[in-house]
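Engineer: Sequence:
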Amino acid sequence: MPSDNPALRAYSLLPPSAREQIQFSSVCLSHERFSCAGALVVDANRVQGIVAAKHHLCAHAGIDTPAIWNQDQVDNLAANFLDGLAIGYDFASAVDEHGRPPSPRLWQRLDADCCGIEFRNGYGRWDYDLMFLSFKSPLPIGDYIAANPAHRIAYGNGDLAFYGQDMAGKTAFSTGFGHAHALQIRHARIQGRHPQVRRRLHPKLRFTDILSLDGGVSGPVFHVAGNGRVYLLGATLDADVLPDRLPPDPTAIRHAATALYAGNYLF
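The opening residue of the sequence shown carries number 358 in our numbering; numbering runs sequentially from there.
Bear in mind the hints are in silico, worked out from the structure with no lab data behind them. Careful: at least some of the hints might be erroneous.
Simulated restraints, written as ranges between beta carbons of each label pair [unchecked claim]:
(1) R586 with F391: 29 to 37 Å
(2) A518 with D440: 37 to 45 Å
(3) Q522 with N402: 21 to 29 Å
(4) A418 with P497: 38 to 46 Å
(5) G549 with N621: 15 to 23 Å
(6) A418 with E475: 26 to 34 Å
(7) G620 with K561: 19 to 27 Å
(8) N621 with A469: 27 to 35 Å
(9) Q428 with A401: 34 to 42 Å
(10) G583 with A469: 38 to 46 Å
(11) G481 with F391: 30 to 38 Å
Every residue, glycine too, gets a C-beta built ideally from N, C-alpha and C.
Model the full assembly from the supplied sequences, consistent with the hints where possible.
Structural biologist: Structural data, given as structure tokens:
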């Protein structure tokens, strides 16, 4: 990432503790020919895991997101996603001394024996695009999460006042991964919240609880409050969508994220 990158300039203005937490809580979910991004969290029930976009199950399998939930299909997609999954984590800095983005220093192999995929308030439907990878047994990545508050995003019911407010105008940062799993930083501003949107290429396929953003985002979406507290807002939907209104608004939302907070509940 060049030093004149606008996202990195904005990122450099954050408190060092916030930058560290965004970097250390970001992870790369990698297969041999597929990778995506997620965030290490401790959820409202104090469960360790990874929040990521649910549609990655389908992208990894090479299929479109289904319109109908079929439990056998979902079980197969989840099992296949966990088969051979490696989690890259521990990114030391946004750029190194040569101006290059870092790659993960540690890797954790996951499988169905040590990890499960939960859908929670998105269970039974594809329109809410988040999933939770929960650790079922002691793992080094779990020790990493527990070792330092900067290594995860913790959220709970005490944060409902923040998550329930109007997010329009708030700044957001997202993390993704490029060549050799190098960490990438994106910067955007939240335009608003949409109860439902529909994908442009598949008008009948709708998604719920969406944040629209004015900049390119690629993975988990974070906001840094004025006091330096880092919040996980959600994960990118990764599709051009249209607001689902009558009469329909013709303006496409090119960048959107599924909100972590939906139905008065934190995922």
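Engineer: A separate judgement is required for each hint: does it hold in the structure or not?
Structural biologist: For each hint, the structure was consulted:
1. R586 with F391: 29 to 37 Å: Hint holds: Cβ distance 33 Å, inside 29 to 37 Å.
2. A518 with D440: 37 to 45 Å: Roughly 41 Å apart at Cβ, these two residues keep to the hinted range, so it holds.
3. Q522 with N402: 21 to 29 Å: Given a distance of about 23 Å, which is inside 21 to 29 Å, the answer is holds.
4. A418 with P497: 38 to 46 Å: Once the Cβ atoms are compared, 28 Å apart, the range 38 to 46 Å for P497 and A418 is violated.
5. G549 with N621: 15 to 23 Å: Holds - the Cβ-Cβ distance for G549 and N621, about 19 Å, lies within 15 to 23 Å.
6. A418 with E475: 26 to 34 Å: 19 Å, violated
7. G620 with K561: 19 to 27 Å: The hint (19 to 27 Å, Cβ to Cβ) holds, given that G620 and K561 are roughly 23 Å apart.
8. N621 with A469: 27 to 35 Å: 32 Å, holds
9. Q428 with A401: 34 to 42 Å: Violated, at about 25 Å.
10. G583 with A469: 38 to 46 Å: With a Cβ separation near 42 Å, G583 and A469 satisfy 38 to 46 Å, so the hint holds.
11. G481 with F391: 30 to 38 Å: 25 Å, violated
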